[in-house]
Each structure stands twice: as C-alpha cells, then as structure tokens.
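Those protein sequence lines, which keep their order, are chains A and B. Per the numbering used here, residue 693 is the first one in the first sequence, and the count goes up by one each step. Per the numbering used here, residue 693 is the first one in the second sequence, and the count goes up by one each step.
No lab work stands behind these hints: they were computed from the structure. Accuracy of the hints is not assured; some may be wrong.
No distinction is drawn between identical chains; accordingly, a pair holds when it is met within one copy or between any pair of copies.
Within a straight-line C-alpha distance of at most 25 Å, the following computed PhoX-like cross-link-like pairs (lysine-lysine) qualify [what the hints assert, rightly or not]:
| hint | residue 1 | residue 2 |
| --- | --- | --- |
| 1 | K792 | K834 |
| 2 | K797 | K825 |
| 3 | K758 | K834 |
| 4 | K703 | K750 |
| 5 | K797 | K703 |
| 6 | K712 | K797 |
| 7 | K758 | K797 |
| 8 | K712 | K825 |
| 9 | K758 | K825 |
There are 2 protein chains.
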Amino acid sequence: MVDILHKVGIKASTPEAVYKALTTMGGLAGWWTTQTSGNGDVGGVIEFRFGPGGIDMKVLELIPEKRVVWEVVAGPTEWMGTTVSFDIAQENDWTLVRFKHQGWKEPVDFMHHCSTKWGVFLLSLKSLSEATKGAPAPNETKLDSWE
Amino acid sequence: MVDILHKVGIKASTPEAVYKALTTMGGLAGWWTTQTSGNGDVGGVIEFRFGPGGIDMKVLELIPEKRVVWEVVAGPTEWMGTTVSFDIAQENDWTLVRFKHQGWKEPVDFMHHCSTKWGVFLLSLKSLSEATKGAPAPNETKLDSWE
Numbered sequence: 693m694v695d696i697l698h699k700v701g702i703k704a705s706t707p708e709a710v711y712k713a714l715t716t717m718g719g720l721a722g723w724w725t726t727q728t729s730g731n732g733d734v735g736g737v738i739e740f741r742f743g744p745g746g747i748d749m750k751v752l753e754l755i756p757e758k759r760v761v762w763e764v765v766a767g768p769t770e771w772m773g774t775t776v777s778f779d780i781a782q783e784n785d786w787t788l789v790r791f792k793h794q795g796w797k798e799p800v801d802f803m804h805h806c807s808t809k810w811g812v813f814l815l816s817l818k819s820l821s822e823a824t825k826g827a828p829a830p831n832e833t834k835l836d837s838w839e
Numbered sequence: 693m694v695d696i697l698h699k700v701g702i703k704a705s706t707p708e709a710v711y712k713a714l715t716t717m718g719g720l721a722g723w724w725t726t727q728t729s730g731n732g733d734v735g736g737v738i739e740f741r742f743g744p745g746g747i748d749m750k751v752l753e754l755i756p757e758k759r760v761v762w763e764v765v766a767g768p769t770e771w772m773g774t775t776v777s778f779d780i781a782q783e784n785d786w787t788l789v790r791f792k793h794q795g796w797k798e799p800v801d802f803m804h805h806c807s808t809k810w811g812v813f814l815l816s817l818k819s820l821s822e823a824t825k826g827a828p829a830p831n832e833t834k835l836d837s838w839e
C-alpha cells in the first residue's frame, strides 16, 4: 500500500472557511472542479466531473472544522476503494490542511500523475481561500498528455 | 519505506533541454533555488541553499536525456540518505519527468510538506521550460509557517 501525502497552509483563513470549501458543493466547485454536485452529508455521494470522466466520492466522516473523509465509489480503476482525507488545524496565522489519498495498491504511473495533480488542486484551494479565486477544472494547470 | 512520487509533462520541450535544466547549475537555479552551486558531475556534490538552510546532493547517476539520480549527503535529518531521481521521456508533444524522492523512514508531517513543495518546484521546472521563466526559491509559492 502506498499513499499520496500533501500539506498546504492557507494564510489568514479559518478552519471554518476551509471546512466549508471542503464540504459544500459551491466550495468544492471553487477549487477542484466546477462540475460538482450531489449530497455532501455523511453517507451521501458527491459527483465530481472532469470533461467526459469523473469520480464519485461517498462521504465517510465529517468533523466540523477538523476532518473530512471520502471513499471512492466510482472512477478510475486504480482509485476504486481508495480513501481521501483532509485534516484541518490552525497554527498561528495559518490554517493547515493535511491531505492523504490512501489505499493505492501499486505505485503505478497514474499515481505519480495524481500526486502532482492533487498538489495543483490543493494550491487551487489555497488560492481560493487566500485570494478568493481558485483554479478548478477545467481551468487548472494541465500536467501532461493524459489531460 | 515511503516515497514521494510526481509526474509532470512539459509541452513543446525536448529531453535535451530538460536534462540541461536538471544537470547544470544555471538550469537548476532557474527552477529550484537561485542559490545553487557545486559540481554536477557523477560523484560531485551540488549545494542547494534556501535562506539559512540547505541541502547537499551527491550526483549518483547521469544518463544524458534520460535519468538523473542524487543522494542527500547533508540537509534536514529526515532527508539524510534519501535519494531523488528524475526520469525523462518523450511522449508525443510532451517531455515527461517522472520524479521520486525515496527512502523516507516514516510518513512524518515534514514529508507531507515536502511532497507538496516538490510539486510546486516541478511546476516551476515546467514553467521554466514552457514559458522560459521558473519560480525558484526564494520566490516560490510558500506553503506554510515552516517557510
């Protein structure tokens, strides 16, 4: 099992604001993909679309201002059954987000791509919160010919 | 053992140009840190400085236009003995860089930070090559209060 790990700090934000960006359809559409819909409650499924394809995430856990956990229930084969978590903490002026995409079976080429791409989107979340403007798909940084 | 993995594609570049950005002092200073000096030959040591601290990398392997491997010989405790590799390949219009920072003993908090930060610098490498301007330290995206 291999994991994708990231950490970003958002300056002059709050755990409340970041939690909102991770749990509301409008918040998620502001940094990950503009095509976001579904039910963000625990047990609900959120549908993220990227052009023709997409990912469905079941919401496993929500702790207000602290933690969000999703399970991939539809999407690329390599993502099936993996989990995505965001842990939020405040340290001085920074609201920190510790991110994990866990449960990859093998460190396949697509995992390298997704690692960098999660970095791009977490920088979009940072930018959304710091500058009130993110760069969600379809206008995010393209990494290679897979996109 | 846990690894940091990334992959970026650089459009309309060449393996020659990307290899140069990864192996010459001027190239490295254009995307990682402006304070880069040392000996980039196999067996040589390159000194990367970031404000007060820094990292010394011993060059372990160089395959022109294909592969660059470094070993950390001085730097943060968690980095000591780890290796950093870049594999270069051409696919259609894209020059791909597959990146690995391997040999971390534990998935510590600093590893989360470094994972995202490598993403930031690899996007700087992409930007250097695509737009002829990178964003090396000290002008890179700051991630949190550690910087």
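Comparing the hints with the structure gives:
1. K792 - K834: both (21 Å within a copy, 20 Å between copies)
2. K797 - K825: neither (35 Å within a copy, 37 Å between copies)
3. K758 - K834: between (30 Å within a copy, 22 Å between copies)
4. K703 - K750: neither (29 Å within a copy, 35 Å between copies)
5. K797 - K703: neither (35 Å within a copy, 30 Å between copies)
6. K712 - K797: Answer is neither; intra-copy 31 Å and inter-copy 34 Å both fail.
7. K758 - K797: The answer is neither: 27 Å in one copy and 27 Å across copies each exceed 25 Å.
8. K712 - K825: Intra 15 Å, inter 35 Å, cutoff 25 Å: intra-copy only.
9. K758 - K825: within (23 Å within a copy, 38 Å between copies)
Hints 2, 4, 5, 6, 7 from the earlier list are contradicted by this structure; the remaining hints agree with it.
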